[in-house]
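> Residue numbers (the numbering used here), protein chains in the order written: chain V, 268 to 586; chain B, 268 to 586; chain G, 268 to 586.
One should not assume that every hint holds.
The calculated lysine to aspartate or glutamate pairs, modelled on EDC-like cross-linking and capped at a C-alpha distance of 16 angstroms, are [claimed, not checked]:
no.: 1; chain 1: V; residue 1: Lys446; chain 2: B; residue 2: Asp353
no.: 2; chain 1: G; residue 1: Lys446; chain 2: V; residue 2: Asp353
no.: 3; chain 1: V; residue 1: Lys566; chain 2: V; residue 2: Asp353
The hints are simulated quantities; they were obtained by calculation from the structure and are not laboratory data.
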Amino acid sequence: MKNFTSVYDIDNLQDTIAKALEIKEKPLENPTKGKGKTIGLVFLNSSLRTRLSSQIAAQNLGLNVLILNAAQEAWNLEFADGTVMDGNTVEHVKDAIEVLNQYCDIIAVRCFAGMKSKEDDVKESILSQFLKYAKVPVVSLESATRHPLQSLADCITITENWKEKRKPKVVLTWAPHIKPIAHAVANSFTEWMQQMDVDFVITNPEGYDLDKKFTKDTPVIHNQDEALKDADFVYVKNWSSFDDYAAMPKVEGEWMLTNEKLENTHQAKVMHCLPVRRNLELSDEVMDGDHSIIYQQAKNRIFSAQTVFSDILDNLNKD
Amino acid sequence: MKNFTSVYDIDNLQDTIAKALEIKEKPLENPTKGKGKTIGLVFLNSSLRTRLSSQIAAQNLGLNVLILNAAQEAWNLEFADGTVMDGNTVEHVKDAIEVLNQYCDIIAVRCFAGMKSKEDDVKESILSQFLKYAKVPVVSLESATRHPLQSLADCITITENWKEKRKPKVVLTWAPHIKPIAHAVANSFTEWMQQMDVDFVITNPEGYDLDKKFTKDTPVIHNQDEALKDADFVYVKNWSSFDDYAAMPKVEGEWMLTNEKLENTHQAKVMHCLPVRRNLELSDEVMDGDHSIIYQQAKNRIFSAQTVFSDILDNLNKD
Amino acid sequence: MKNFTSVYDIDNLQDTIAKALEIKEKPLENPTKGKGKTIGLVFLNSSLRTRLSSQIAAQNLGLNVLILNAAQEAWNLEFADGTVMDGNTVEHVKDAIEVLNQYCDIIAVRCFAGMKSKEDDVKESILSQFLKYAKVPVVSLESATRHPLQSLADCITITENWKEKRKPKVVLTWAPHIKPIAHAVANSFTEWMQQMDVDFVITNPEGYDLDKKFTKDTPVIHNQDEALKDADFVYVKNWSSFDDYAAMPKVEGEWMLTNEKLENTHQAKVMHCLPVRRNLELSDEVMDGDHSIIYQQAKNRIFSAQTVFSDILDNLNKD
Numbered sequence: 268m269k270n271f272t273s274v275y276d277i278d279n280l281q282d283t284i285a286k287a288l289e290i291k292e293k294p295l296e297n298p299t300k301g302k303g304k305t306i307g308l309v310f311l312n313s314s315l316r317t318r319l320s321s322q323i324a325a326q327n328l329g330l331n332v333l334i335l336n337a338a339q340e341a342w343n344l345e346f347a348d349g350t351v352m353d354g355n356t357v358e359h360v361k362d363a364i365e366v367l368n369q370y371c372d373i374i375a376v377r378c379f380a381g382m383k384s385k386e387d388d389v390k391e392s393i394l395s396q397f398l399k400y401a402k403v404p405v406v407s408l409e410s411a412t413r414h415p416l417q418s419l420a421d422c423i424t425i426t427e428n429w430k431e432k433r434k435p436k437v438v439l440t441w442a443p444h445i446k447p448i449a450h451a452v453a454n455s456f457t458e459w460m461q462q463m464d465v466d467f468v469i470t471n472p473e474g475y476d477l478d479k480k481f482t483k484d485t486p487v488i489h490n491q492d493e494a495l496k497d498a499d500f501v502y503v504k505n506w507s508s509f510d511d512y513a514a515m516p517k518v519e520g521e522w523m524l525t526n527e528k529l530e531n532t533h534q535a536k537v538m539h540c541l542p543v544r545r546n547l548e549l550s551d552e553v554m555d556g557d558h559s560i561i562y563q564q565a566k567n568r569i570f571s572a573q574t575v576f577s578d579i580l581d582n583l584n585k586d
Numbered sequence: 268m269k270n271f272t273s274v275y276d277i278d279n280l281q282d283t284i285a286k287a288l289e290i291k292e293k294p295l296e297n298p299t300k301g302k303g304k305t306i307g308l309v310f311l312n313s314s315l316r317t318r319l320s321s322q323i324a325a326q327n328l329g330l331n332v333l334i335l336n337a338a339q340e341a342w343n344l345e346f347a348d349g350t351v352m353d354g355n356t357v358e359h360v361k362d363a364i365e366v367l368n369q370y371c372d373i374i375a376v377r378c379f380a381g382m383k384s385k386e387d388d389v390k391e392s393i394l395s396q397f398l399k400y401a402k403v404p405v406v407s408l409e410s411a412t413r414h415p416l417q418s419l420a421d422c423i424t425i426t427e428n429w430k431e432k433r434k435p436k437v438v439l440t441w442a443p444h445i446k447p448i449a450h451a452v453a454n455s456f457t458e459w460m461q462q463m464d465v466d467f468v469i470t471n472p473e474g475y476d477l478d479k480k481f482t483k484d485t486p487v488i489h490n491q492d493e494a495l496k497d498a499d500f501v502y503v504k505n506w507s508s509f510d511d512y513a514a515m516p517k518v519e520g521e522w523m524l525t526n527e528k529l530e531n532t533h534q535a536k537v538m539h540c541l542p543v544r545r546n547l548e549l550s551d552e553v554m555d556g557d558h559s560i561i562y563q564q565a566k567n568r569i570f571s572a573q574t575v576f577s578d579i580l581d582n583l584n585k586d
Numbered sequence: 268m269k270n271f272t273s274v275y276d277i278d279n280l281q282d283t284i285a286k287a288l289e290i291k292e293k294p295l296e297n298p299t300k301g302k303g304k305t306i307g308l309v310f311l312n313s314s315l316r317t318r319l320s321s322q323i324a325a326q327n328l329g330l331n332v333l334i335l336n337a338a339q340e341a342w343n344l345e346f347a348d349g350t351v352m353d354g355n356t357v358e359h360v361k362d363a364i365e366v367l368n369q370y371c372d373i374i375a376v377r378c379f380a381g382m383k384s385k386e387d388d389v390k391e392s393i394l395s396q397f398l399k400y401a402k403v404p405v406v407s408l409e410s411a412t413r414h415p416l417q418s419l420a421d422c423i424t425i426t427e428n429w430k431e432k433r434k435p436k437v438v439l440t441w442a443p444h445i446k447p448i449a450h451a452v453a454n455s456f457t458e459w460m461q462q463m464d465v466d467f468v469i470t471n472p473e474g475y476d477l478d479k480k481f482t483k484d485t486p487v488i489h490n491q492d493e494a495l496k497d498a499d500f501v502y503v504k505n506w507s508s509f510d511d512y513a514a515m516p517k518v519e520g521e522w523m524l525t526n527e528k529l530e531n532t533h534q535a536k537v538m539h540c541l542p543v544r545r546n547l548e549l550s551d552e553v554m555d556g557d558h559s560i561i562y563q564q565a566k567n568r569i570f571s572a573q574t575v576f577s578d579i580l581d582n583l584n585k586d
């Protein structure tokens, strides 16, 4: 692959998962694949798992790693084209990207949704500039509408936890929060589940339907109990309204995931991308109980990143 | 050793110091001992010496190093158990630790005393969670009540500077400051001196006695001149009141260490953990004079960290 | 060379440029020259290019790299000598430097002009302390009055872009800005151009003449059109008043560089050290057009740093 910003950059998802599981078996098998090459990890937002797992993945492949906390360490970036830069912004993002082109063989970037302008977020106003101006491969470390390295880790985790012949039922359930949260993880998980051999449904309160561009034909059920019935995997995640962008319409009923709610599932495994707000999104008992495969997901972030970096390096080394 | 958070994690202090001095002789003797292993350095507080010396120590052993400035780079952590996370905290520390378990072979953490709640600080409310939830070895980079890597460096430095047969007299003297400072360095130095073959006394103004749990039978003298008499080593450090927690009761007399005060010592060597406030804790003339072995202490931070990491790796590699 | 803080630390500029171009051809030719040695990159200010290019240069030579964002990660530094540190500063810069001496084989530091006190900036109040107290080589990553790694990269870039026999005409032109900017890049470029085999002139509005200590006999022309005539290279840069220190006297006419202004040059190549404020210092059409060699300058920052580090290592290894 050249870039990695969504599931559509993957040729064959099953092969990719198989590759990731091989890498998980022997993560240090190719310690010089990235030798003499440099990956730049650019953070426009906070990060724990992505920051650390990407570094480990890169080190496992022998890549040099440059980390840039752009806002704190470098310059306040301008994103608008053609503007007269006589305000607070010091460097245009396209100039920063062009400099990264000079310094890096791969550019990875985290650029969350601003949650201010629906139009800007939907059109990926930041990531799109990286894709436009980068001359080296670009990896999304979560963008306004997608979090593909998380989703690949989610697919790896589901695969590891499903040994039956029948298709598993996977439910993405909305959870409560106290502030408007982006749609990236939910959109992305939806897209990847649509490519997996699973029965996939989404459940969220009225007013919280995700962008139809991502949900497509996936059933969206507004009754959480009904959706959870017979689930094998339950993915917990909050998001704000898409239609009334970033609003938090009033919600009827209790949506926090509890052990009680898991009772009418098939002993479902519980997933979450982290960070999670305990006793708001899900209860302590779920988080700390046997249902949770949440930390396994976190661990698999190493192998999703390593699989992607490895594939990009294969491509670069071919040239 | 498994964890390293106090002198009680050391089997034999003399052997450990001897080992550290060997490492100081040949720091690059074991460049692959940590190969394929990762240490996570987690900073909840500022750091210069600890940050840099730990990195050098880890690199000398071939460890991969991940640095996390938790507050600035990742998420605002919750420390209370069972709480409904509907406030400003985004991730529970136990989830962050469990993720670090997935990514690291050793977790090192700096978590200062908050100096707000005596109870929280005394019970090591943060470090204790690391010890509870970490499944890999934990190294303290200074916690609420102790700074053991500093103390080990202090022991190395005293050993290097004492060639006589008789026991040296070591004095820990309180010094002035402008704000309430934690007890960690003073407590820790006290604990380690109690294990060393030295005559050890503490001097501080009335109202500033350290926690009896640490001082035990060590003499505490409220007259600085009397305490300094015939000293061979003088360790300068400020701390706030323990009894009236974090208060700064009015102090009689001059406590800043000066050359004049050193006159009735045995040409005592002067120590400080740094950072030091010049002309408040000690005078320029002391800091820049021949008595000071303060920078040597700073250098020995590399070898105290390398000795500890090396011992932990031996243990891990044995498994 | 021992230290690198200005062009006067270079023996022979032509040889140094030739060396840099060799390194650019084969940057990974000496991957163990820095083995077992450590460079500390200390940032007292923001940095993108310097931060990343210095890391790459160091890694290419096998140096261990320690990065310290001093203000955010360590302690608030005191710079005044002899002061009673009873205010906001926690560690004296000379103690921090002495600790860096213990930990590093090379210290590189970025310390911008404060733009408050002309006297402090002119006497390099921060860099001078590094030069005074460091016992290992010091590299400037931009100081109050100079930016020598940028200037060396500029010389490399001009050399790469000039194949004619005659001397090129190089013009340093002032550009508009919205706040008082330091003189370091302009001073430094001036000093280096005076050592190059070029015809060099400076153009700026009345009231913006640089420090005579740097401009010496270089012609300073207050009419931009006249200065640009027949230029082969145009270096764009803002700076504030030197005489009326850090003031921004009212400027007559338009000084932003545009394609129209380039028309009476010899198809001049346009240079800028970045970050640049588009449509304020120069127009989008210039920045994105064929005249610009600005990104090539940015790339050459790697090789200017690597040339300097390499030379310093040769010196260290000789000892």
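> For every hint, state whether the structure bears it out.
Status of the hints after comparison with the structure:
no.	hint	verdict
1	Lys446(V) to Asp353(B)	9 angstroms, holds
2	Lys446(G) to Asp353(V)	9 angstroms, holds
3	Lys566(V) to Asp353(V)	45 angstroms, violated
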